[in-house]
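With chain R fixed as given, assemble chains Y, F and W onto it according to the hints.
Chains as they are written, first to last, in this note's numbering: chain R, 9 to 302; chain Y, 9 to 302; chain F, 9 to 302; chain W, 9 to 302.
Simulated from the structure, these hints should not be mistaken for lab results.
Since we're looking at a predicted model, the values are computed, not measured.
Careful: at least some of the hints might be erroneous.
[What the hints assert, rightly or not] Covered, in the sense of this in silico footprint (three residues per stretch, anywhere, with C-beta under 8 Å from a C-beta of chain Y), are these stretches of chain F:
no.	stretch
1	148 to 160
2	194 to 208
[What the hints assert, rightly or not] Residues of chain F placed beyond 10 Å of chain R at every Cβ, according to the derived structure:
no.	residue
3	Asn17
4	Met19
5	Ala26
6	Val61
7	Leu71
8	Arg86
9	Leu142
10	Phe165
11	Ser215
12	Gly229
13	Arg239
14	Gly253
15	Tyr299
16	Gly301
Ideal Cβ positions, reconstructed from N, Cα and C, are used throughout, including at glycine.
Protein chains: 4
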Amino acid sequence: MPVALENLNAMNAAEFAAALGDIYEYAPWVAEQVAARRPFATLAALHDAMQAVVRGAGADRQLALVRAHPDLAGKAARAGTLTAESTAEQTSAGLERLSEDEYRTFHRLNGDYRRQFGVPFIVCVRRHTKGSILRQFAQRLRNDAAAERDAALSEIFRIAALRLDQRVSAPDRLPVHGHLSTHVLDTQGGTPAAGIAVDLVEIATPSNIRIVAGALTNRDGRTDQPLISGRPIPIGTYELRFAVGAYFAERGVPPADPAFLDLVPMRFSVAEPEGRYHVPLLVSPWSYTTYRGS
Amino acid sequence: MPVALENLNAMNAAEFAAALGDIYEYAPWVAEQVAARRPFATLAALHDAMQAVVRGAGADRQLALVRAHPDLAGKAARAGTLTAESTAEQTSAGLERLSEDEYRTFHRLNGDYRRQFGVPFIVCVRRHTKGSILRQFAQRLRNDAAAERDAALSEIFRIAALRLDQRVSAPDRLPVHGHLSTHVLDTQGGTPAAGIAVDLVEIATPSNIRIVAGALTNRDGRTDQPLISGRPIPIGTYELRFAVGAYFAERGVPPADPAFLDLVPMRFSVAEPEGRYHVPLLVSPWSYTTYRGS
Amino acid sequence: MPVALENLNAMNAAEFAAALGDIYEYAPWVAEQVAARRPFATLAALHDAMQAVVRGAGADRQLALVRAHPDLAGKAARAGTLTAESTAEQTSAGLERLSEDEYRTFHRLNGDYRRQFGVPFIVCVRRHTKGSILRQFAQRLRNDAAAERDAALSEIFRIAALRLDQRVSAPDRLPVHGHLSTHVLDTQGGTPAAGIAVDLVEIATPSNIRIVAGALTNRDGRTDQPLISGRPIPIGTYELRFAVGAYFAERGVPPADPAFLDLVPMRFSVAEPEGRYHVPLLVSPWSYTTYRGS
Amino acid sequence: MPVALENLNAMNAAEFAAALGDIYEYAPWVAEQVAARRPFATLAALHDAMQAVVRGAGADRQLALVRAHPDLAGKAARAGTLTAESTAEQTSAGLERLSEDEYRTFHRLNGDYRRQFGVPFIVCVRRHTKGSILRQFAQRLRNDAAAERDAALSEIFRIAALRLDQRVSAPDRLPVHGHLSTHVLDTQGGTPAAGIAVDLVEIATPSNIRIVAGALTNRDGRTDQPLISGRPIPIGTYELRFAVGAYFAERGVPPADPAFLDLVPMRFSVAEPEGRYHVPLLVSPWSYTTYRGS
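Isolated chain R, as found in the complex (with noise of 0.2 Å):
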């Protein structure tokens, strides 16, 4: 249950600091010191100010806050000692679900880091895949230690921005969320295609994929819900498979046996977590057009 920011605001600093104590791993100092700068009028407004905080902090006061982070995949997970928030975090990018070959690739490169910055490597996950995790490793053990230590803080204040986000309830949300939808037309008949079953699946690899969400076309040719919202999507790809073939044939549409189209796969990475991805599928039993809309 989300707490309302109006509660918040009335709490006294004990309370408040106790409530988002935990927005910021095991740094619990970055809620005491913005308890006094109530009310809050807006989320952003109590965001910026943890941010400001943590920004104001001294060298080492950062530092000790980016080496209590837990390593991804670590033992710490393995052993079920992460924080809750972090459990969760890790959990939906998928890391407690590990081969054995991808826990070596994480446990190495996790040790790669460490050796070259001296501290744990940070991401968002719940922004990530496992495959841009491994290319955010690679990337950013080619940074300095400035770049690198910014990087870091960067990744520090998104997953605050989205523990924020999920733990109060306020006028204003955090802008943190991606939109993932589609439309589906049928050019045939000239009207929204209705009926039709939507999955989007993620494509880890070619042989690792797994469905994310799945939905029926409403009246309008659209899922009642986004595919995704209220959450990033994380970076990564995707293939939306639309079953076209059973709504032609259910319009009498002539058969060829197989039909021409069946299960169309619309395939695409997202790039920008937060950003807004309309696929539609403008469709006939024999032709598709399919593109980033808005």
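Quick look at chains Y, F and W alone, frame taken from chain R:
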């Protein structure tokens, strides 16, 4: 090495019968009987004459012809005692590489069919994939005896036509060839898309796929050769996979990282093995159109 | 200024009859008879009640109602003696701006119709263009007397519904409004196409066209307002004209001089004046897709 | 009737010079000087040799050659005293059918050009429409004298190439031909669209259009001949007009009345007269895609 039709016309009767004795399975009498009707001006005329011999043979002889065919993926295949022609044909549909489960399914269906019709199940396997053969079993088990006798003869004629077309060189070809090709247009540049890697994949099941053909597009956005030609396209489901990400990356398209479109899959099914399937792709970095063309 | 439904409900009977006396042409008795059935919770209920009065009136009264309507583009229109409502309606279809040829055509068809059915030809002109009115004449002259009586009443009800919808403000609207909108996507950039000038042109004949609406696309690639809404879309042929050349030129698209695509015309016809016509354009400098969307 | 290259090679020098004396306007010396370089294996070699003669002539002779050209739409054209070749060329761009306004514009621009450069304005009119000639005036009036001398010579060589290509039959053709074709696919039926009437219209201004070519699509959805081939495509704006309404009506497409799509216009501009413009249409009753193909 094919034999020229004019040479067949010039042979003595025994040589001729030897050359074409195995066009009909274990039925050299078909070739023997057409020897006297030479010369044949075209391959079509030769094929028609052999067909006429079979149609004109008595019911007993036709039945013997049907019975002479081996089971699909049956004991003879496992034992390696098929005719050379049958071995090559069954291999074309992957019947020599069945899993134990698949083998049991074929074994059961062969048995069902024999019990119902008293003869082996015959299908022109070069026109099929494993999946479409299984659908053929299901459909034909619903036939009555007369309809099924016609169906078996039709398949025997198809087998013979393909064998003749491979065996004999002539001014004409028999209409046993399909055509599968593609064409990639770059709608961002307004030009053919050259240098795009295209794979053609046969999709037996989502987890059982194999690459059938691969090519690079040339300066006109086409592959130098059709992806399939000179043979039937087995009835089944395919995917064309276009590597458009690399193409646009080389052209300095402003980068999304990862690119919105990288590998574009176009999944479609072939219902007419002798048909013309031209499946173009019109693609920009953010959209594409694909269709059955001509 | 529309009058509020609640005010109509509160008036005395004479005021009410005066306020709605001209909803049916020269037939104040319709409003008079529904006054006693007030209050009406919705505009639809008021419209239904007035329709019921007409349907329940005797044949003589219905005939008189039909006869009270003026000819289309007839002498009364030329003499300026139409009711205010009729004048505005005939103007909407351009009937006051007929060429001499067109005037003669209407005159002749009015005469044909009167000779055949003994009454003036009635059509709800706000749902039509000149061309579709002429097609209506042709179709309805083929009706028998009974079918045509029904057709005339249907048109009278449509006229009344539009008059009511304009005259009265209420919580509901009558279903007399069409919707015509567009949306432009830049498939080269993968974004909405902002700042594209769009004209909507009515095409009476190739040489007789007029601009009905014009707008610029906004940041979402849409126009701020639908091109047509809040009224029927007259049955007829239209062209959307998208000035895409300037858009791509500003984005530094490598120049063909002149550009391959400059003004993109999309010609389509409207058959349902109360329908939703959403006609998007997906466009690159070298290609486009357009369709009836939703 | 073209003369064969081999015949030109076999003529005596005087005959040869007579046959090609008017390839360069009022400059028989060009043909005279290449007579001795015969035989020419290809038309390209002959054209190159004649070009080399002009390039190698002194400045005075080149200037005389330029001066020998008539004004576009000038007094000589009105008086009918142009060479036969010039008359045909100016007619191809419609310069003999100018309105008074257009005539005055050309007159003024001819004067501007002569005042600035001291010679007549030369352009290869077969590659142009009236509109693109006017843009040429504007562009070339901004040249300095040296650039403009080169431009005039380039145009003279283009004129000569077109004259040679028409006059002489040879194993090769000069690269002076454009190609404009179309292809209509029915995405509802998954087949080529046969029997669709296609007009090609040149659009000088919205109110000044003329039909350049017309054809019916054949069984493959193409026109039997390209709409333009064997000559340059004049730089300008065109519309392909596809009569798709009749096509779908014949196929019993559920009727909207009038049909959503009837005549589909595709407006585009040609920038390269020697280019290949293949402009297909993929069309259903409710949608279409069109693009520059290959």
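Checked hints:
1. Against chain Y, the stretch 148 to 160 of chain F contributes 0 residues with a C-beta closer than 8 Å to a partner C-beta. That does not satisfy the three-residue criterion, and the hint is violated.
2. Residues of the stretch 194 to 208 of chain F lying with their CB closer than 8 Å to a CB of chain Y number 4, which satisfies the three-residue condition for coverage.
3. The beta carbon of F:Asn17 is kept farther than 10 Å from every beta carbon of chain R, the shortest such distance being approximately 35 Å.
4. Chain R leaves F:Met19 outside its interface by the beta-carbon criterion, the shortest separation being 41 Å against a cut-off of 10 Å.
5. The Cβ of F:Ala26 sits about 43 Å from the closest Cβ of chain R, beyond the 10 Å cut-off, so the non-interface label holds.
6. Even its closest Cβ contact with chain R, about 35 Å, leaves F:Val61 beyond 10 Å, as expected for a residue assigned away from the interface.
7. Even its closest Cβ contact with chain R, about 41 Å, leaves F:Leu71 beyond 10 Å, as expected for a residue assigned away from the interface.
8. The beta carbon of F:Arg86 sits about 41 Å from the closest Cβ of chain R, which is more than 10 Å, so the claim that it is off the interface holds.
9. No Cβ of chain R approaches the Cβ of F:Leu142 within 10 Å, the least distance being about 26 Å, so the stated non-interface status holds.
10. No Cβ of chain R approaches the Cβ of F:Phe165 within 10 Å, the least distance being about 27 Å, so the stated non-interface status holds.
11. The Cβ of F:Ser215 sits about 29 Å from the closest Cβ of chain R, beyond the 10 Å cut-off, so the non-interface label holds.
12. A beta-carbon of chain R comes within 10 Å of the beta-carbon of F:Gly229; the shortest separation is about 6 Å.
13. Even its closest Cβ contact with chain R, about 23 Å, leaves F:Arg239 beyond 10 Å, as expected for a residue assigned away from the interface.
14. Here F:Gly253 stays apart from chain R, with its beta-carbon at least about 21 Å from theirs, past the 10 Å limit.
15. The beta carbon of F:Tyr299 is not kept farther than 10 Å from every beta carbon of chain R, the shortest such distance being approximately 6 Å.
16. The non-interface label for F:Gly301 is inconsistent with chain R: the shortest C-beta to C-beta separation is roughly 6 Å, within 10 Å.
Violated hints, listed in ascending order, are 1, 12, 15, 16; each of the other numbered hints is respected by the structure.
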